[in-house]
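Each chain, letter by letter, is given below.
2 protein chains.
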Amino acid sequence: MDSLKQRRTIRKYQSKDIPADLLNDLLESACRASTVGNMQTYSVIVTRDAERKKRLAPAHFHQPMVESAPVVFTFCIDLRRFSQWCRQRKAEPGYGNFEWFVTGAIDTLLVAQTFCVAAEERGLGICYLGTTTYNPDQIVDVLELPELVFPLATVTVGWPDENPPQVDRLPLEAIVHEEVYHDYAPADIDRLYAYKESLPENHQFIAENGKETLAQVFTDVRYTKKDAEAMSKVLWETMKKQGF
Amino acid sequence: MDSLKQRRTIRKYQSKDIPADLLNDLLESACRASTVGNMQTYSVIVTRDAERKKRLAPAHFHQPMVESAPVVFTFCIDLRRFSQWCRQRKAEPGYGNFEWFVTGAIDTLLVAQTFCVAAEERGLGICYLGTTTYNPDQIVDVLELPELVFPLATVTVGWPDENPPQVDRLPLEAIVHEEVYHDYAPADIDRLYAYKESLPENHQFIAENGKETLAQVFTDVRYTKKDAEAMSKVLWETMKKQGF
Chain A
0 MDSLKQRRTI RKYQSKDIPA DLLNDLLESA CRASTVGNMQ TYSVIVTRDA ERKKRLAPAH
60 FHQPMVESAP VVFTFCIDLR RFSQWCRQRK AEPGYGNFEW FVTGAIDTLL VAQTFCVAAE
120 ERGLGICYLG TTTYNPDQIV DVLELPELVF PLATVTVGWP DENPPQVDRL PLEAIVHEEV
180 YHDYAPADID RLYAYKESLP ENHQFIAENG KETLAQVFTD VRYTKKDAEA MSKVLWETMK
240 KQGF
Chain B
0 MDSLKQRRTI RKYQSKDIPA DLLNDLLESA CRASTVGNMQ TYSVIVTRDA ERKKRLAPAH
60 FHQPMVESAP VVFTFCIDLR RFSQWCRQRK AEPGYGNFEW FVTGAIDTLL VAQTFCVAAE
120 ERGLGICYLG TTTYNPDQIV DVLELPELVF PLATVTVGWP DENPPQVDRL PLEAIVHEEV
180 YHDYAPADID RLYAYKESLP ENHQFIAENG KETLAQVFTD VRYTKKDAEA MSKVLWETMK
240 KQGF
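As you go down the protein sequences, you meet chains A and B in turn. So the first sequence is residues 0 to 243, counted in numbering that gives the first Met the number 0. So the second sequence is residues 0 to 243, counted in numbering that gives the first Met the number 0.
Chain A on its own, in the form it takes in the complex (with noise of 0.2 Å):
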């Protein structure tokens, strides 16, 4: 498992196809993660045709992976195969709430980063798209995504073509917290983001961005309020136009 600790996220890939028994092993490994009630409330979609990754593209900011990828993978909370299997079932199912929105979402991530794990054990290179959350509406569109089915999660899989060197982490001691959650002095604020703050690459990143503070890359160019606040509401929307 040292595979896991050397770890890095794969943006550029071969152009040599994935083959679909190698796919199908790694997606059968990702389904023995573990599901609250053993009800699997989630769905995958596998993006290969150039045409469709196309239509995908804008929804993910036009990232290249989305076109360059061999393999697209959307992960989607599902509530819905569950919920027509009560209903042939005279069972009456109620699902469509806030609450199987996010044990769907846990479901839906435990599945998406077991199948990453293993796709990278057996030596591909994947990269998780945060956009997904930015413009589900686009995605629910193009994938054709019914009502208590929602997007959560894009992966773009592939042989790696590049071998970037890894990025920074936090120290343990920033993440864990023994028995209950030790707030941080402004001290600890200090001492434990001097090594990311060190870094060459963020003291380019700031004078690229014209800012003071690497902070303020992140909350004035990067991932502004102004922005979230949108889409929170786009989020929320959707959420609601899926049924939950």
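Possibly wrong hints are sitting among the right ones.
Same chains, same names: a pair is fine if it fits in one copy or spans any two.
Stated by the list, open to error - Here are the simulated BS3-like pairs of lysine-lysine, each with C-alpha atoms no more than 30 Å apart in a straight line:
#1 K240 / K89
#2 K225 / K240
#3 K53 / K89
#4 K195 / K210
#5 K225 / K239
#6 K210 / K240
The hints are simulated quantities; they were obtained by calculation from the structure and are not laboratory data.
Given the coordinates of chain A, assemble chain B onto it according to the supplied hints.
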């Protein structure tokens, strides 16, 4: 990676403790999971203290694993640490909204599941407790979670003291959709659920609950609409209370 396919949830643990070094090693691996903008919007609360486990137990409907596992992990969405860093760096964070609740949930669950895969690879047994999203308000209290921190997934971990049979899963064709979502015809549902419905343990489950179909055990007993609606309200209110 055959271990992924052989995995099963473990609910009974030996009394043997787990070395802190091993847990740290697993957490280091887990934190290598993909994370949006390398922001690591999660925290992990580690519960070892018997008294604290006892206080957590009611929130998890007294499932025995909470008190019998040597260690209980609560994986939390955390936009607090990042926001504090922003404020200390002349940057105004905008992460107290629904978009970042969902984005933080994705980050959190990728770490949780990577941790579980790594733990199982090292011979540990794990169990996810779905109850975390049922009673988040109680967990917030017991673990003293401040604003912008939200408990999403609880995992009990220990050395296995049982070897249960592997449970069924739906066939892959129930989960995977090529290019677009293909809705299920009634005959599809019958075929895809046939194996599950044929299992002796599920026949017993129907009989024990005095129901006519397996689906009714879910809708009328295990996961009712009434409960889900009440839990949706608590989940929503707790999310708001925590500042999202």
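Okay, the hints, checked on the actual structure:
1. Only within a single protomer do K240 and K89 lie at most 30 Å apart by alpha-carbon distance; the minimum there is 26 Å, versus 38 Å between protomers.
2. Proximity of K225 and K240 under a CA criterion of 30 Å is satisfied in both settings, with 23 Å inside one chain copy and 21 Å between copies.
3. For a Cα distance limit of 30 Å, the shortest separation of K53 from K89 qualifies neither inside one copy, at 42 Å, nor across copies, at 40 Å.
4. Proximity of K195 to K210 under the C-alpha cut-off of 30 Å is restricted to the intra-copy arrangement: shortest distance 16 Å within a copy versus 58 Å between copies.
5. In this homomeric assembly, K225 and K239 come within 30 Å of each other (Cα to Cα) both inside a single copy, at 22 Å, and across copies, at 19 Å.
6. For the identical chains of this complex, K210 and K240 are neighbours neither inside a copy (39 Å) nor across copies (33 Å), given an alpha-carbon limit of 30 Å.
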